Amino acid sequence: MLKIRIVKRLNPPKYHAFLVPILSVVISLMIMGLFLWARFGKFEKVVEAYREMFSWPFIFDYGLPDTISKMVPLLLAGLGLSVVFKMKIWNIGAEGQLYLGAMATTWGALFLFKNVENSLILIPTLLLMGAIAGALWAFIPGILKAYLKLDEIVATLMLNYIAAHWLNYLIYGPWKDPEGYNFPLTAVFPESSWLPMFGESGIHSGVLIALAMVVLIYFLMYRTRWGFHLKIIGDNQTAARYSGINVEKNIILAMILSGALAGLAGGIQMLGVQHRLQHGFSPGYGYTAIIIAWLARLNPWAMIVVAFLFGGLMVGSEQLQIMMRIPISMVYVLQGIVLFTLLASEMIFNYKIEILIPRNGGEKSWR
Amino acid sequence: MLLELRNIVKKFPGGIVASDHVNFDLREGEVHTLLGENGAGKTTLMNILFGLYRMDEGEIYLQGRRVHITSPAHALSLGIGMVQQHFTLVPSFTVAENIALGLKKYKFKVDFKEVSKRIEEISKLYNLNIDPSAKVWQLSVGERQKVEILKLLYAKAKIMILDEPTAVLTPQEVESLFKAIRMIKESGTGVIFISHKLREVMEISDRVTVLKSGKVVGTLNRDELDPRKLANMMVGRDVVLKVEKKPKEPGKIVLRVSNLHALNDKGLPALKGISFEMREGEIFGIAGVAGNGQRELAEVIYGLRKPADGKIELLGRDITHTSVMARIKMGISYIPQDRNGVATCPNLSVAENLFLKDQQGEFLFNLKDVVRRSLRRIEKYSILTPNPNFPLKLLSGGNIQKVVIAREFENEPKLIIAEHPTRGLDVGSMEFVYRSLLKARDEGKAVLLLAGDLEEIFTISDRVAVIYEGEIMGYVEPDPSNLEKIGLMMAGVRDA
Amino acid sequence: MRKAVFILFLSVLLFLMLIPNPAYAKKLKVAFIYVGPIGDAGWTYAHNQGRLHIEKVFGDQIETTYVESVPEGMEALQVIRSLVKKGYKVVFTTSFGYMDPTLMAAKEFPKAHFFHCSGYKTYKNMTAYFGRMYQPRFLTGIVAGMMTKSNIIGYVAAHPIPEVIRGINAFALGVKLVNPKAVVKVVWTHTWYDPAIEKEAALSLLDAGADVIAQHQDSPAPQQAAQERGAYGIGYNSDMSAFAPKAHLTAPVWNWGVFYEYAIRGILDGTYKHGNYWWGMKEGIVDIAPFGPMVPDNVKKIVNVFKEAIIDGTFDPFEGPIYDQEGKLRVKAGEKLSDEALLSMDWFVDNVEGTIPKGAGE
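In the order they appear, the protein sequences are chains F, H and V. Just so you know, we're using our numbering here: the first sequence kicks off at 1 and counts up by one. Just so you know, we're using our numbering here: the second sequence kicks off at 1001 and counts up by one. Just so you know, we're using our numbering here: the third sequence kicks off at 2001 and counts up by one.
There could be a bad hint or two in this list.
To spell it out: a stretch of chain H is covered by chain F in this simulated footprint if at least three of its residues, at any positions, have a beta carbon under 8 angstroms from a beta carbon of chain F; those stretches are [to be verified]:
(1) 1316-1325
(2) 1343-1357
(3) 1363-1369
It should be emphasised that the hints constitute simulated quantities derived from the structure, not laboratory data. Given the structure is predicted, the values throughout are model-derived calculations rather than measurements. Using N, Cα and C, we set each Cβ at its ideal position, and we do this for glycine too.
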């Protein structure tokens, strides 16, 4: 008798961290290709659509600066999430933490330090304010989780809404640009607070900060005892307590770090891209970062690749709209399919199929 | 004969045989107790009967007819009901709503008046005192249990399985539960009572079957019941290991515990004034049936559990209120009973688990360095692993225990707490554990051995105390001639 | 095996990237940036109708495209940049929040033409264009004032900005003209497009006794709410009667195609001059939708009289005397409000119930 069974892969190889995300993107493109094929009726159009999508965002003089400017917040927020996800704390409040970062940076740039003209002092101060605000916003659910066992998913999600409404209050009320014809946006920041650009390229220097954070997070997570402790807590909290690790303190610390990175992302968006606070400064970076962190399987280096690809996907989908007249909802569908296939391929790659054929000498199995 | 289980075999992945050709039967109107320590296979057997697990071999006969039970719903339809250790009630529903939930009779609309009336009748008949309109979350644990029982009575169960029903109850609640059980029994229902508490077993059982390591040790009728005999049956051992033990003069006092009180996870008193001293180079064995406060004692000394009262001194220093980390640094090692749940991180590698508590180079951490250093430990403790990066969970139980022992022993401990260190291990691994503990003793370390296995205690301890319901019953010399005396003390008889 | 798949994938990717883009035809390429989805039945829908209009009028001479749901702010600059780099030399950005990015793009790409809707900044290659929506708003106010029985008219309004405030005031002046006892109650939603919130706001107004619901929102949800409660509604952007046939009295509507045709023709001829274009009913960029069957003839007659007066310039809705909520005389009898005052309007006329959130600078 032939028996087929699905067995969990006990020890998945390391290159999966890179292989799984790339393959799931490929698979989702294939699925999406079917949709597009149905829409256009011609296979050549599908190829053309994908060429638009994949050439433009990565060509230097065209979409590359946009891709990079979208990569930066995704990468930073994703890095922050990887820290808490590692210990199985599900912070889905990166969006709110990013808002807080943007708000604090705005506060500094427009009000607190509006007379500081030295960019070398002003910019680091403003970004630090953003990071601290994000950290505080994550500290709240962190402490509730650690000491009151309040579910962090609910808490962080709720705080996202509070942050969004707080932002609304500020831009409709006290921070509204007095010369803005009553429109809900703040005044433009003084130029001394703008992040320097790399010449005419359109790429702002926030990308360097993001890459520095990759190194920092890698170091913290893989080269310090603290990172090891987070790993232990993530695998078995009881064993962590048994090993003398203060689980509560570390949950809070990790949330703070996570929020600080999201807050920094918000600050960089303000100083590098937007230069003023208004609606729509984040098209859900904090949520997309959840996908980024997962796709990269919490590996900081892989996260650079994934955030870059996702930035490209966002820019590329604009191209799909411009050149192929594909409606935005279709683009959202594509992004949804990517996430779905990611989760599915996580499953598939973590399992293998064994076919058992009983022989005289016993059962033989194939992978 | 109401129920007959024949040659039930259940194997779990990893080669554990939780049920090894078990035979068990139940008559109408009797309480048949399944007695055994944690992990003896009682719950597994009952989960098979209730349709939660599929057995690998064996037959089940219900009133002489062979049945194949496929699910709990199927079991219920056959008249087999089970009150599990974790209740299955919806807290925000009323008693009546909870009971109506499981009824097949009402497909769309429930006649709550009828249900409530029936509940009141049953409640009165069996003296359960349950208000059908009360919300479950308002009820005490004992009352919730009664609701579970009422649920089965409502469904007219012929066989009622009660899995450790007394574990969560206060003594008064136990009394009231036993009253209800007697009424149920008189109505002709067969009750399977699961417990490891000798006193209760003596009180309620008509027959007792003792399980150990998945096998039936024996079945005793009511007139044969004797706590000493039962205790011996529970903890007796087939294989006797002989390990050479050199005589050793104990040194200075390492640990002093005075008047220690603590609560268990359910908030009930688990330690009731424990005091003892331990010296360098001695193995102090604390014998007792599992669940009498051994785990709580170990956790309090190690710092995982806060004592309610009392004092702990290590080498003359009061450590009662220090953290686990501080105690690790002061030289307390702990081999918990639960290897996978407490002592290790299953998904982390062997090397990482070997250095779980390592504080070398406080801030920096280098995995490569850890892997390199782990090689020596893997060799010294002959841990069988393909490589140091292998996930720990894939090792056998014996090898996992070796990893734990290697880590705890290499930590330069002054005191080693070993809680059931050989549970679930094969003979070879057992011997390894004994030799390791003896070696530690010979090196001048103090070893606190908490075990139920008398052979184990006698083989390696220098001194033995017996614990029963959180109290030390007395001290005995580790000599086979004292077996009987220990058996009595384990059954709760003070200093016989 | 898996490595092979991976390498295959990478090479396909590289191949796709290296194929040169097809040469672009010599048509005038026109792009639109929309703030919402084209299916919103409101603002973006109306602009897209304008786009379809010029496609029909100019046929092969032009090629158009659009990008939907583009966030306001600097993200939009990236979209504009890629459009221009793709050869789109005419870009319409159709929401206020695109003003600064459009201006930056205008400075960056001097050879392209930029058109920003509803703002006030212009440049040598950037036009600010808008319509005098307050004119048809005034006319719909007349309809509402004559149709209401409870003398409470609800107004679901998006953002407290001059454009919306102007509309509310014009509407309220229309109401006052025919029904001095009626009041206009305003609820802010702080969103242009969110059917759920818009509906909630409309229901709260209906609960407060309103029997006509007007809106400055991009979805037909307030109209549907009015129909559900048996009240009347006045839509916005385009004829919304299909969504609430029993409630929909009329609506002030956009005909963006009128301006888009003018602009494209000018660019094709080389005669177009950038600047500030604020067209009204005379040019036809704004109008009112056909009346619903429940609107009596006398109402239609009065509206038509004022419509003609507005078109030939003999009447202006913002003619004095106009008093604000505090009773202060804002426009003296016989005077008219200047365009500048209209563009920065931040006060309500006296028959409006509601407040305008004030910024720190005021």
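Hints, verified against the model:
Counting residues of the region 1316-1325 of chain H whose C-beta sits closer than 8 angstroms to any C-beta of chain F gives 3, which meets the bar of three, so the coverage hint holds. Counting residues of the region 1343-1357 of chain H whose C-beta lies closer than 8 angstroms to any C-beta of chain F gives 9; at least three are required, and the coverage claim holds. Given a C-beta distance limit of less than 8 angstroms, the hint that chain F covers the region 1363-1369 of chain H holds, as 5 residues qualify and 3 suffice.
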